[in-house]
Amino acid sequence: AQKVTQAQTEISVVEKEDVTLDCVYETRDTTYYLFWYKQPPSGELVFLIRRNSFDEQNEISGRYSWNFQKSTSSFNFTITASQVVDSAVYFCALSEPNSNTGNQFYFGTGTSLTVIP
Amino acid sequence: DGGITQSPKYLFRKEGQNVTLSCEQNLNHDAMYWYRQDPGQGLRLIYYSQIVNDFQKGDIAEGYSVSREKKESFPLTVTSAQKNPTAFYLCASSILNTGELFFGEGSRLTVL
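In order, the protein sequences belong to chains A and B.
Okay, so the first sequence: first residue is 7 according to the numbering used here, each after it adds one.
Okay, so the second sequence: first residue is 339 according to the numbering used here, each after it adds one.
Don't read these hints as lab results, they were simulated from the structure.
One or more of the hints may lead you astray.
Unchecked claim - Away from chain B, derived, C-beta distances all over 12 angstroms, residues of chain A: (1) I17; (2) E21; (3) T115.
Stated by the list, open to error - Chain B side only, calculated, beta carbon under 8 angstroms to chain A, not exhaustive: (4) G340; (5) S345; (6) F350; (7) L365; (8) Q379; (9) G380; (10) L381; (11) Y386; (12) V390; (13) D397; (14) F426; (15) S432; (16) L439; (17) F440; (18) G444.
Even for Gly, the Cβ is constructed at its ideal location relative to N, Cα and C.
Go ahead and model the full structure; you've got the sequences and the hints to work with.
And the structure:
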């Protein structure tokens, strides 16, 4: 079973529109971490945010904001006033720390965002 | 600057040849990882290592081998046994258990 689901494969928006990227996760652990990464056309994955399972406070960083809801196992990412430079593939990820096997990371299949000028 | 260096960035290989991808980090991270990414796909874990001289298979380890002789280095060998090696390979490192992954720029392997 997929531990991290990003149901939106591709999204296109017009510049300055707001866009929300959905992420639903599945875990039985009480301690876990959630992440968002951006992959521009160059290929390198850029870390955007990390949240731990005990901190449901939403976070805002400039035009980026994240909504973490344990009740629905979701960790959605919103870009406000999108710009062409936001065009990239965005990955949501889950990690489950394990003293025996180490930190296991699970990635969603990614959402390709295109911002049209 | 601290970071992860992967080389080469682009690599072409003939069928039947082994090729080694380099990954070096100066972040003093204990854990290192190799992922494979195919077009339009997510990341799939090949191998990971938590400490020197120890590593574990990921979901798609067949046809690959690794070594971890030094903390800062985690090279990946794509062997001739790997049936479909053309892909984008990403190396990453993290602090054990709580840290996010830091990624290199990736190596794009094409088998001719």
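For each hint, the structure was consulted:
1. I17: Holds, since 14 angstroms exceeds 12 angstroms.
2. E21: Per Cβ check, E21 (chain A) is outside 12 angstroms of chain B; nearest 24 angstroms; holds.
3. T115: violated, 4 angstroms
4. G340: violated, 13 angstroms
5. S345: Given a least distance of 14 angstroms, the restraint on S345 (chain B) is violated.
6. F350: With Cβ-Cβ at 17 angstroms, over 8 angstroms, it is violated.
7. L365: Violated, about 12 angstroms.
8. Q379: holds, 7 angstroms
9. G380: Since chain A brings a Cβ to about 4 angstroms from G380 (chain B), closer than 8 angstroms, the hint holds.
10. L381: Constraint on L381 (chain B) satisfied, holds at 5 angstroms.
11. Y386: holds, 7 angstroms
12. V390: Not OK, violated: V390 (chain B) not within 8 angstroms of chain A, min 14 angstroms.
13. D397: Violated - the Cβ of D397 (chain B) stays beyond 8 angstroms from chain A, reaching only about 10 angstroms at its closest.
14. F426: holds, 6 angstroms
15. S432: holds, 6 angstroms
16. L439: holds, 6 angstroms
17. F440: Constraint on F440 (chain B) satisfied, holds at 7 angstroms.
18. G444: holds, 4 angstroms
Going down the numbered hints, you'll see the structure goes against 3, 4, 5, 6, 7, 12 and 13, while the others check out.
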